[in-house]
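Start from chain E and add chains D and A according to the hints.
Residue numbers (my numbering), protein chains in the order written: chain E, 174 to 314; chain D, 82 to 507; chain A, 16 to 583.
Just so you know, the hints here were simulated from the structure itself, not pulled from any lab data.
No incorrect hints appear here.
With a cut-off of at most 27 Å between alpha-carbon atoms, the simulated BS3-like pairs for lysine-lysine come out as follows: (1) E:Lys202 - D:Lys147; (2) A:Lys414 - D:Lys416; (3) D:Lys421 - A:Lys406; (4) D:Lys362 - E:Lys298; (5) D:Lys147 - A:Lys509; (6) D:Lys462 - A:Lys376; (7) D:Lys113 - A:Lys150; (8) A:Lys522 - E:Lys264; (9) A:Lys194 - D:Lys462; (10) D:Lys421 - D:Lys390; (11) A:Lys151 - A:Lys69; (12) D:Lys113 - A:Lys151; (13) D:Lys444 - A:Lys376; (14) D:Lys341 - A:Lys376; (15) E:Lys263 - E:Lys274; (16) D:Lys287 - A:Lys376; (17) D:Lys362 - E:Lys274; (18) D:Lys129 - A:Lys88; (19) E:Lys263 - A:Lys522; (20) D:Lys416 - A:Lys376; (21) E:Lys202 - A:Lys39; (22) E:Lys202 - D:Lys362; (23) D:Lys147 - A:Lys150; (24) E:Lys202 - A:Lys57; (25) E:Lys202 - A:Lys88; (26) A:Lys88 - D:Lys113; (27) A:Lys448 - D:Lys390; (28) D:Lys119 - A:Lys88; (29) D:Lys287 - D:Lys414; (30) D:Lys113 - A:Lys181; (31) A:Lys151 - D:Lys147; (32) A:Lys88 - D:Lys147; (33) D:Lys421 - A:Lys414; (34) D:Lys462 - A:Lys200; (35) A:Lys181 - A:Lys436; (36) D:Lys147 - A:Lys567; (37) A:Lys414 - D:Lys390.
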Amino acid sequence: MGEGFTPRIVGFLCNWCSYAGADLAGAAKLEIPASLSVIRVMCSGRVDPVLVATALLRGADGVLIAGCHPGDCHYREGNYYARRRFALLKKTLETLGLDTKRVMLAWVSASEGQRFGEVANQFAKQITELGPNPMKTKISL
Amino acid sequence: MTDKKESAPVLVIGAGVAGIEASLLLANSGRKVYLIEKTSYIGGNVIKFEEVFPNMDCATCMIAPKQQELLANENIELLTLSQVEAVSGAAGDFSVKIKQKARYIDLVNCIGCNACFDPCPVEVDNEFEEGLNKRKAVYIPCAGALPNVPAIDTENCVRFKGQECQACQEACAFEAIDFNQQDKELELKVGAIVVATGFNMFDIGKTSQYGYKKLGGVYSAMEIERICASNGPTQGEITLRSGEAPKSVAIINCVGREEKGYCSAVCCMAALKLCHFLKNKLPDLKITQFYSDLCIPGKAYQHFYQEVKDSGVDFIRAEVTGVSESGKELAVKYKTDQGKGNTLTADMVILNPALEPGADSAKLAGMLNIPQSREGFFSEKEPDLTPVATAQDGIFIAGCAQGPKDIAETIAEAEATAGRILSRSG
Amino acid sequence: MAKRLGVYVCECGTNIADKVDVDKVLAVVKTLKDVVVADRYKLLCSGDGQEYLKQSIIENGLTHVVVAACSPKQHETTFMNVCERAGLNPYLFQLVNIREQCAWVTPDGEAATDKAIRQIRAAISRVQYHTALEKKGMECNTDVLVIGGGIAGIKASQVLAAPDRKVYLVEKTASLGGKTRRFSKLFINMESGPALIAGEIERLQQNKNIEVLTESEAEQILGFLGNFEAKVVSKTEDKEAKEQNLNVGAVVLATGFDLFDAKGLPQYGYGTLDNVFTSLDFEEMNLADGPTQGKILLKNGQPPKSAAIIHCVGRAEKGYCSKVCCLYSFKFDRMLQSQLPGAKIAHFYSDLCIPGKANQKFYEDSRESGVEFVRSTVTEIAGGDKGLTVKYETESGDKGDLAVDMVILLPAMEPSSDARKFAQMLNIPQDDKGFLAEEHQLLSPVASAVEGVFVIGCARGPQSIAESIVQAEAAAGKILSALVPGRELELEVKTSQILESFCTGCKTCIEVCPYGAITFDEDRQISVVNEVLCHGCGNCAAACPSGAARLKHFTFPQIYQELEEVLR
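If we strip away everything but chain E, and leave its shape as in the complex, we get (with noise of 0.2 Å):
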């Protein structure tokens, strides 16, 4: 399963922190997977669940949320919101039958160019393994 497989991965990243640290991973040239298409938000709090679930919906094979630190958010609590609404969502999923390791939720600092490598290139293996998203052939909007 998820042999010759080509995910496609959304990240919503956050203005201040995590797109800066994607931004450092790239002045460092590290190789950051192509399957990963980036939307930058000012904000991780400004993740609607809606959103993510869209995507899912959609036909993404994996959603990658990633914000400021706790405590560091530029707009003070936007993030522990994103964290409270990501595990909701979580929960709302798995009444979906969607596995849950299709969604993930990460801290990447501004400085962090290396963790987010790490970050986006460990997500992408995941989401390679878990294979295709089943909701791409079983619902169509």
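For chains D and A alone, coordinates are given in the frame of chain E:
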């Protein structure tokens, strides 16, 4: 009537967090600011820390928005590689001569791709990384340093020793390297001056009992800070020089306190921060702290100390008399208040030194005609009552240039200088 | 109006062009609907590049622009400014990162090109959902209300006041000066507290731009940065209550401290034994207008021959070090020695807190003058016929006792009782110790979480007079920088807004807003965003169950378009 004082530009000396904060407040009120910085980068000492106490904020993330704001602010003219040469005049009308060293890289053309580093034939110790790794003669001190434009170190670049070399220039696709750049002399007319030149660490080399630079397992606190840094020489991997992770650490506080004659205010907290950070990375690490008096003032610090203590860090109130080799480990000899002598073995010893005024303080004090304290810091006009004003009207001091203190107090002082400069209360 | 999109791919020299097949990208882009220009440029951020872009926008009458280049964190503002110079609203622009997050991190050229195409298509889809946003300004009041007439409040008022900026200094009691006025000497240079305050009061009286309101209290403060309305009630001479409404742009809280009540720790004998004093009692004793006309005397009218100073009273209970007690205890040594040469003084302390360049010397001078320092915990102050006995235990477990005439307790510093009142009135968080919380402990030490409200002095934590003065001047600096007479407040452009027709009045957005920027309109039963306070984080938009709360930029449709395209 526009008082010259009210609209004249302001000179801020030092682009660490104090200088950045003062510059932003002044610029946002509409004043023009010249921010001069001796090195090629902004952020001073704070950007060297991975995390800062007491909330373990990521230091670089924390000040990144301020740095970006500073670089984009149209009222602030940043002059890196610049130092004050002479000052004359009085409040409202100072005349300051600045010498700006050439960077040899064009700030507009350079896109920060770093392609010029590889071909450079010169490799030297990277002072930003406390000598823990090397850099080239054309360099940026660390990943993420701003402005994201390298500088050429004329002390080590072979061109400045008479040799022919165009390696960096040939590698640049943007024609950003310009060997024809010259050192510049500028004359700035300003109405007020803020001195925010920060601190240096006490030179541990002046001590002999700790085995610093002799024993491989002995590190300075700043070296450990860079080892902890995710953009540092080990990308945040905590290892001894052998490459192995340490199993036990002894932190020795108050290094240089006796020589300097004062308590540096932040070291106890910095040591606690290191404990917290190291314990997080290496949960089985055994840490012992040697200290004289625990300095954890204020509403937020004691809680942090308690947390660290509860995580299993040992605190021994004692004077460390010597550090020596003991097989593969280090032996830390100490004496408690009651005179009891003992020894502790550890893989790694971290020396926590005093904070000193910056190296050029005396020269700058002379040029500005402001007194220095016995310890070499810039003196306040009335120590208890005018903490950021100096004997010279129109010249203010903020941050560690005035005395050792933490980031919060530094920022408050920087904001206070802006308050005094912008004040029109007559 | 028909859409005319322009898409520009920057080669970034070789940085992008080396990896990404720009020809292939342009070939795809040119086929997309409404794209009228698709071009490449070697270095778009250069002077020439920007000029080229500007001309191209004008010549092609573009309605939307997409640039594929480096990170928006590098050049988004640069290209937005180009759009503006070309007469196009800068928000009808999107910058795609195909350098740091594509060319530089994807070794395989084909994969990099595919990724670039994906991200550029996403931007092209998205940008069509951008709306033209305009910069907004708002008139603001630049006067300031300072609450608390201690040294911090006084200093803040002095730095702030100006002919075009009035300051109202409101003080609860009949006199200005707070605690400082009752310290006969200040550390470390032993200045006179009363003299200092007298001088400050004179300066205040001469300052026509400061209105001092003693025996006055602020009862209600409504509004926000630039626009506060405060109701201040003053006691007139006939004990009547006079009310006035003050319009100000900023509020500074300087409500000071109280001492921890040592009576709560019976082992120290405060209030039960004679000659056990707190530091404030001792300060009063040394004042010429104090209970003993400035003489240090025991209850029996005799001067003490010995004194014990007990540090950290209440420290364990409060859970923090009050920072200044060690320092003022050395001040007490000098005060005792000056009036009573030969008096024996002993300190009982746990850790000496003497940070800073000058303070160690202050301590050493005390020690060298013969003052004894005993590192220990005091277990009991016992009374008796012959005076007091300090019973103590050292760190090594040795027990001892010392007979003394007088005991001076150094209790912890607490926020004054008014802190809670104003915290609630202004919605400022208090920490678990009761002190008013700063906006950011390190980066914003004098601002509070409520924009326009500042907290200085001991209201925010135990500290020295010098530090309180720094904070007073710092708060002034922030206010002077942000509220300039005659200048409008510049508001964040990418704020949130709540559509009345969709809002169900559930108030979820109000709960999640970190800035308190959303209020509830009782008449219309909907939530309303205050654009002065909104920072555009989008938390409300993510939380809103009905889709009423929407950002003006980074909207749901915009993000949805990006999603659609990258998952195609």
